[in-house]
Amino acid sequence: MKPVSILGVAQTKHCARRDDANYMELAFEVIQDLFRKTGWSHDRVDTIISASSDFWDGRTISEIAIQDPAGAPGKSASKVSMDGAFALIYAAARIASGAFKTCLVVAHGKASEGEPRAIANAGFDPLFQRPIGIDDHTALGLQARRFLEKRGMLGSVLAEAAAQSAAAAAKNPNAHRRAAKHVLAADPLHEDEIAPDSDGACALLLGEGGPVELAGFGCATDAHQLGERDLGDPGVLPRASLEAHRMAGVREVDVAEIHDASSAQTLLWREGLGLPERVALNPSGGAMGAQPGFATGLVRVAEVCERLARGEGRTGLAHGMTGFVGQAHCVWILRRRS
Amino acid sequence: MNVAIIGCGQTNHRSRRLDVSAPELIDEAVQLALSDARIGPDGIDAIVVGNMEHFEGIHLSDLWAVEGTGGVGKPQIKVATGGTTGSSLAQAAYYLVASGFYRTVMAVGWERLSDSEGETTTGIVTAFDPIYERPTLAGAVSGLAILACQYQAKFKTRAEDAALVVVQARENAARNPHAHLTKPVTVADVVKSPLLSSPIRYLDMCPTSDGACAVVFTSDPGDRKSAWARGVASRHNHTYLGDVAEGSADFKHTLKLAAAEAYRLAGMSNPRKEIDVVEMYEPCTWAALDWAEALGLCGPGEAAGLWASGATRLDGDIPVNPSGGVLCTNPIGATGLVRVAEAAMQVRGIAGARQVDGVETAMATGFGGSFWNEVMILGAKP
Numbered sequence: 001m002k003p004v005s006i007l008g009v010a011q012t013k014h015c016a017r018r019d020d021a022n023y024m025e026l027a028f029e030v031i032q033d034l035f036r037k038t039g040w041s042h043d044r045v046d047t048i049i050s051a052s053s054d055f056w057d058g059r060t061i062s063e064i065a066i067q068d069p070a071g072a073p074g075k076s077a078s079k080v081s082m083d084g085a086f087a088l089i090y091a092a093a094r095i096a097s098g099a100f101k102t103c104l105v106v107a108h109g110k111a112s113e114g115e116p117r118a119i120a121n122a123g124f125d126p127l128f129q130r131p132i133g134i135d136d137h138t139a140l141g142l143q144a145r146r147f148l149e150k151r152g153m154l155g156s157v158l159a160e161a162a163a164q165s166a167a168a169a170a171k172n173p174n175a176h177r178r179a180a181k182h183v184l185a186a187d188p189l190h191e192d193e194i195a196p197d198s199d200g201a202c203a204l205l206l207g208e209g210g211p212v213e214l215a216g217f218g219c220a221t222d223a224h225q226l227g228e229r230d231l232g233d234p235g236v237l238p239r240a241s242l243e244a245h246r247m248a249g250v251r252e253v254d255v256a257e258i259h260d261a262s263s264a265q266t267l268l269w270r271e272g273l274g275l276p277e278r279v280a281l282n283p284s285g286g287a288m289g290a291q292p293g294f295a296t297g298l299v300r301v302a303e304v305c306e307r308l309a310r311g312e313g314r315t316g317l318a319h320g321m322t323g324f325v326g327q328a329h330c331v332w333i334l335r336r337r338s
Numbered sequence: 001m002n003v004a005i006i007g008c009g010q011t012n013h014r015s016r017r018l019d020v021s022a023p024e025l026i027d028e029a030v031q032l033a034l035s036d037a038r039i040g041p042d043g044i045d046a047i048v049v050g051n052m053e054h055f056e057g058i059h060l061s062d063l064w065a066v067e068g069t070g071g072v073g074k075p076q077i078k079v080a081t082g083g084t085t086g087s088s089l090a091q092a093a094y095y096l097v098a099s100g101f102y103r104t105v106m107a108v109g110w111e112r113l114s115d116s117e118g119e120t121t122t123g124i125v126t127a128f129d130p131i132y133e134r135p136t137l138a139g140a141v142s143g144l145a146i147l148a149c150q151y152q153a154k155f156k157t158r159a160e161d162a163a164l165v166v167v168q169a170r171e172n173a174a175r176n177p178h179a180h181l182t183k184p185v186t187v188a189d190v191v192k193s194p195l196l197s198s199p200i201r202y203l204d205m206c207p208t209s210d211g212a213c214a215v216v217f218t219s220d221p222g223d224r225k226s227a228w229a230r231g232v233a234s235r236h237n238h239t240y241l242g243d244v245a246e247g248s249a250d251f252k253h254t255l256k257l258a259a260a261e262a263y264r265l266a267g268m269s270n271p272r273k274e275i276d277v278v279e280m281y282e283p284c285t286w287a288a289l290d291w292a293e294a295l296g297l298c299g300p301g302e303a304a305g306l307w308a309s310g311a312t313r314l315d316g317d318i319p320v321n322p323s324g325g326v327l328c329t330n331p332i333g334a335t336g337l338v339r340v341a342e343a344a345m346q347v348r349g350i351a352g353a354r355q356v357d358g359v360e361t362a363m364a365t366g367f368g369g370s371f372w373n374e375v376m377i378l379g380a381k382p
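Respectively, the protein sequence lines represent chains A and B.
Counting in the working numbering, the first sequence runs from 1 upward without gaps.
Counting in the working numbering, the second sequence runs from 1 upward without gaps.
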């Protein structure tokens with residue numbers, strides 16, 4: 001692909017409730033922080049791509065509220081109604097097409113304003129699945145059980161993976177501080193083995209000449225019905241990952257940040273991405289450390305970008321997903337420009 | 001990279017399609033688009049899909065619909081921007097191909113507004129700020145009524161002048177098997193129809209439809225009949241309606257800006273002469289008058305005369321909406337894409353009984369959100 005690089009990143013501190021800011025103000029806060037860090041202003045932004053969910057925002061066309069904070073009036077803007085990692089594909093395409101030189105990408109999630117489990121239930125098949133009361137957490141439980149059964153593992157591996165993520169998140173000033181208990185939430189998953197519902201936002205500037213470039217991406221969608229997938233397998237993730245590595249011409253990365261909605265996914269997605277033990281996985285704590293809705297995958301990109309920019313590795317992988325137990329995956333390979 | 005449209009498919013749009021689920025409805029449009037493009041599902045490298053979740057009450061509706069789009073195993077990206085959803089899908093597909101990321105991308109939009117059981121406008125109410133605007137802006141009609149009031153006050157336009165827009169639209173829709181409302185109406189019918197929000201009456205306003213549309217974009221059309229994207233532009237607006245309607249901006253501000261950019265990209269100096277047919281996103285009759293002026297089809301205050309002169313008819317010198325337009329068909333997530341599909345069919349010369357003679361260049365517009373606008377100009381040559 002035509003080189004598109006990241007000129008700067010910003011994210012809010014993620015937490016359980018931001019009563020002081022609505023989602024429009026979260027977007028304003030993170031965009032202003034991005035401009036402070038990069039010395040940029042709206043004048044230099046050519047186009048805007050946002051990522052958000054009308055259901056989570058409780059507003060249809062919810063990006064109307066993002067127009068002013070994103071400086072969209074008079075410019076071309078659009079919204080991807082998926083995780084920010086997918087929105088990044090559209091943003092990069094706008095630059096690679098030659099139509100725009102710079103793009104502001106902004107994603108937010110404000111879980112505290114809604115009822116996350118009820119919203120998730122509304123995403124299942126309305127005829128066959130919704131009436132049984134399934135939501136994202138119970139689906140994660142089904143996946144974790146199938147994962148353990150298929151590999152003949154005990155539930156203790158889930159606790160160990162969660163403890164590792166929690167230890168990493170404890171060192172991340174932006175991570176969501178929570179007091180999750182080790183009580184059963186969605187069998188076999190305990191509360192502390194499921195990613196939190198967070199309030200937060202993330203913004204990126206794309207253009208030319210930044211320290212870290214987008215080297216390749218891959219994305220793929222799986223079947224909707226859970227019964228049509230083997231939940232103990234990583235599904236279409238290997239396909240997305242192979243495509244991203246192929247496009248980037250990279251065989252192995254130095255660091256990876258993935259969207260793990262449960263500690264079973266921390267293990268399963270690592271396997272699906274084919275990451276060897278030596279690769280640092282989720283040094284930020286990953287989504288287990290903070291899960292601000294559709295900003296979660298974009299935060300992964302921002303985390304990898306910052307590490308590469310600091311010289312902690314030359315190549316990195318960032319993963320985002322949308323849908324239940326990994327129906328749609330997006331994998332980015334980032335490379336520090338030498 | 002040059003981008004061409006090689007296939008278009010749409011359902012026969014109706015008020016209720018109780019015989020199919022959303023994935024099945026989508027499949028109808030997708031199969032027609034693939035067959036028009038003469039490719040199989042394997043020829044599609046990626047899909048952009050759009051639908052407005054609040055209308056059907058289905059979260060992540062794109063992922064539920066994946067078996068209808070043919071997206072299993074493929075990249076599928078959801079773009080949802082309100083009324084512009086369809087035109088935004090076309091633009092996303094355009095940029096994804098123009099970037100070289102994918103060779104062939106299919107845009108798929110749909111809506112089953114019958115699922116909202118007559119409460120479509122309740123879904124739109126949630127678009128506005130819950131504290132400052134929601135109590136006064138009651139859905140889609142009220143915002144457009146403000147536009148219509150402003151237009152009427154400025155140009156002393158009569159209700160009968162606006163009514164002519166839907167009279168002509170219905171005449172055209174009768175030639176379009178996909179159109180939802182095809183029954184002829186008279187000016188007298190329109191001005192006597194129930195008042196929704198002054199001055200907009202029932203027949204001045206677009207319907208709510210069940211329907212889907214799919215359009216195939218590619219950088220490698222081979223010998224297929226192609227409509228080439230020559231000017232793609234979008235201009236956005238402020239968050240609050242007070243900022244949109246007053247001061248430096250007005251309701252047609254972003255359409256003027258987007259059209260100017262699209263004309264520049266297409267190398268047009270006299271769009272009125274160089275464009276052969278327009279598929280305009282006109283949610284109500286009054287908006288059609290205001291926005292024909294924004295597109296430069298006529299001068300300020302001249303739109304009523306333009307329609308009365310017959311210039312906008314199928315055999316006029318600047319036909320507007322030979323399909324019957326949004327006034328006759330409105331499956332929201334597909335509506336803007338239907339404009340692009342119809343414009344592409346005109347350029348490809350396959351629009352059947354609604355074909356305008358000798359189309360070389362066609363324009364499609366999309367309207368949505370807080371009065372933002374999108375424009376795509378298609379031509380017979382790259």
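Warning: the hint list may mix true and false statements.
[Unchecked claim] DSS-like cross-link-like pairs, simulated, lysine-lysine; straight-line CA separation at most 30 Å:
1. K37(A) <-> K2(A)
2. K101(A) <-> K171(A)
3. K192(B) <-> K154(B)
4. K181(A) <-> K150(A)
5. K381(B) <-> K273(B)
6. K2(A) <-> K273(B)
7. K101(A) <-> K381(B)
8. K101(A) <-> K256(B)
9. K171(A) <-> K37(A)
For the record, the hints were derived by calculation from the structure and aren't laboratory data.
Predicted model only: the values in this text are computed from it and were never measured.
Does K273(B) sit within 30 Å of K381(B), going by the straight-line distance between their CA atoms?
Status holds; Cα separation ~17 Å.
Holds or violated: K101(A) with K381(B), Cα cutoff 30 Å?
Holds. K101(A) to K381(B) sits at ~26 Å (cutoff 30 Å).
Hint check: K192(B) vs K154(B), CA-CA at most 30 Å. Holds or violated?
Measuring from Cα to Cα gives roughly 23 Å; hence the hint holds.
Hey, K171(A) versus K37(A), does the alpha-carbon distance stay inside 30 Å?
The hint holds at about 22 Å.
So if I understand the rule, the pair passes when the alpha-carbon distance is 30 Å or less; does K37(A) with K2(A) pass?
Distance ~26 Å between K37(A) and K2(A) Cα, so the pair holds.
CA of K101(A) to CA of K256(B), is that 30 Å or under?
Distance ~23 Å between K101(A) and K256(B) Cα, so the pair holds.
Are the Cα positions of K2(A) and K273(B) separated by 30 Å at most?
violated, 37 Å
For K101(A) and K171(A), compute the direct alpha-carbon distance and say whether it is at most 30 Å.
violated, 36 Å
Please verify whether K181(A) and K150(A) have alpha carbons no more than 30 Å apart.
holds, 27 Å
Hints 2, 6 from the earlier list are contradicted by this structure; the remaining hints agree with it.
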